[in-house]
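Participant: Those sequence lines, one after another, are chains G and Y. Just so we're aligned: the first sequence equals residues 1 to 128 in UniProt numbering. Just so we're aligned: the second sequence equals residues 1 to 158 in UniProt numbering.
Don't read these hints as lab results, they were simulated from the structure. We put the beta carbon where it would ideally sit given N, CA and C, even for glycine. There may be inaccurate statements among the hints.
Unchecked claim - Covered stretches of chain Y, as calculated for chain G (at least 3 residues, CB under 8 angstroms):
#1 13–21
#2 41–55
#3 88–95
#4 101–110
#5 142–156
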Amino acid sequence: MAHPQTKSAAAITLQELYPSSPFYKEAASIRVTGMLRGYSVETGIGVIEDGNKSLRIGTQHLKDLSLRVGSVYQFIGELHIEPNHEAILQARTGRNVDGIDMNLYRKTIGLLRQFLEAGNKKNVVNLD
Amino acid sequence: MDRPLQDTHAKLVARDIHRLTQSPTEANSFSLGCGALFSRVETVGTIVSRDMTPKFLKFEVDDGTGCVTCVLWLNQLTSSYFSRRDPSTILLLSSTARKQAAAVRIGAVARVRGRVGSYRGAMQITVTVVVVERDPNAEILHWLECVRLGRSCYRIQS
């Protein structure tokens with residue numbers, strides 16, 4: 001019997017989070033990276049941004065992470081789409097990634113996806 | 001002809017670790033159907049779960065392509081498996097494993113090396129070394145290595 005495993009969070013950029021995107025779904029597990037633009041201690045909600053895109057992050061479940069506005073963070077969690085169609089990521093992990101090369105990160109995500117898709121196609125061919 | 005890679009830690013993404021199947025000819029070796037055989041792997045990802053028991057630490061690493069279960073044994077002082085070894089070596093192994101276990105915390109990015117195997121139908125890694133990465137670009141560079149090696153060395157897509 002297989003062990004139940006935690007759902008893997010796909011690495012995406014904030015530019016890919018728009019209503020018709022395949023990642024923009026209730027309970028989608030995603031990994032996002034961006035600069036912390038603001039944070040409310042009262043609500044535990046922060047806002048990260050990358051370029052002209054931003055996303056709200058619920059940090060209530062993160063115990064040991066100190067947040068500093070202006071630093072770059074990476075969060076893993078589940079997306080929640082609110083009735084007003086605004087998205088918020090309920091983070092289950094977070095880490096400071098000050099010094100990350102965002103251009104390399106974006107390009108690498110694209111390369112990794114191409115690699116995974118090619119592997120998936122090959123697997124289908126083998127099964128046929 | 002199969003290309004033996006059993007003596008190196010192959011850099012594989014989690015998606016490919018879960019695709020490994022037991023080699024029909026080599027014990028403790030696994031194949032991706034591409035000719036190469038693997039028994040040791042290296043993965044880099046975010047620690048997303050942690051379950052400590054008296055005998056071992058079980059944790060999951062998410063590299064964005066899948067989650068891999070990793071088991072770090074902590075029973076060096078009581079297991080008969082180590083009984084033939086020098087006592088000072090056993091103490092060192094035990095101390096090292098416990099230090100590594102203490103560094104494994106949810107949210108950190110870890111580089112894990114170990115033996116790959118199947119347990120109850122799922123692939124997992126029996127950890128030899130786990131280190132927490134401080135370089136914010138470590139995971140990106142690992143992805144790039146996995147893609148390069150997957151294409152040119154392991155021939156995952158050829």
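Participant: Are the hints correct? Go through all of them and say.
Facilitator: Results for each hint:
Coverage of the stretch 13–21 of chain Y by chain G holds [criterion: at least 3 residues with CB-CB distance below 8 angstroms; count 5]. Residues of the stretch 41–55 of chain Y lying with their CB closer than 8 angstroms to a CB of chain G number 4, which satisfies the three-residue condition for coverage. Under a criterion of three residues with beta carbons nearer than 8 angstroms to beta carbons of chain G, the stated coverage of the stretch 88–95 of chain Y fails, only 0 such residues being counted. Only residues whose beta carbon comes within less than 8 angstroms of a beta carbon in chain G count, and the stretch 101–110 of chain Y has 5; three or more means the coverage holds.
A stretch counts as covered by a chain when three or more of its residues have a beta carbon under 8 angstroms from one of that chain; for the stretch 142–156 of chain Y and chain G the count is 7, and the coverage holds.
Violated hint: 3 only; the structure is consistent with all others.
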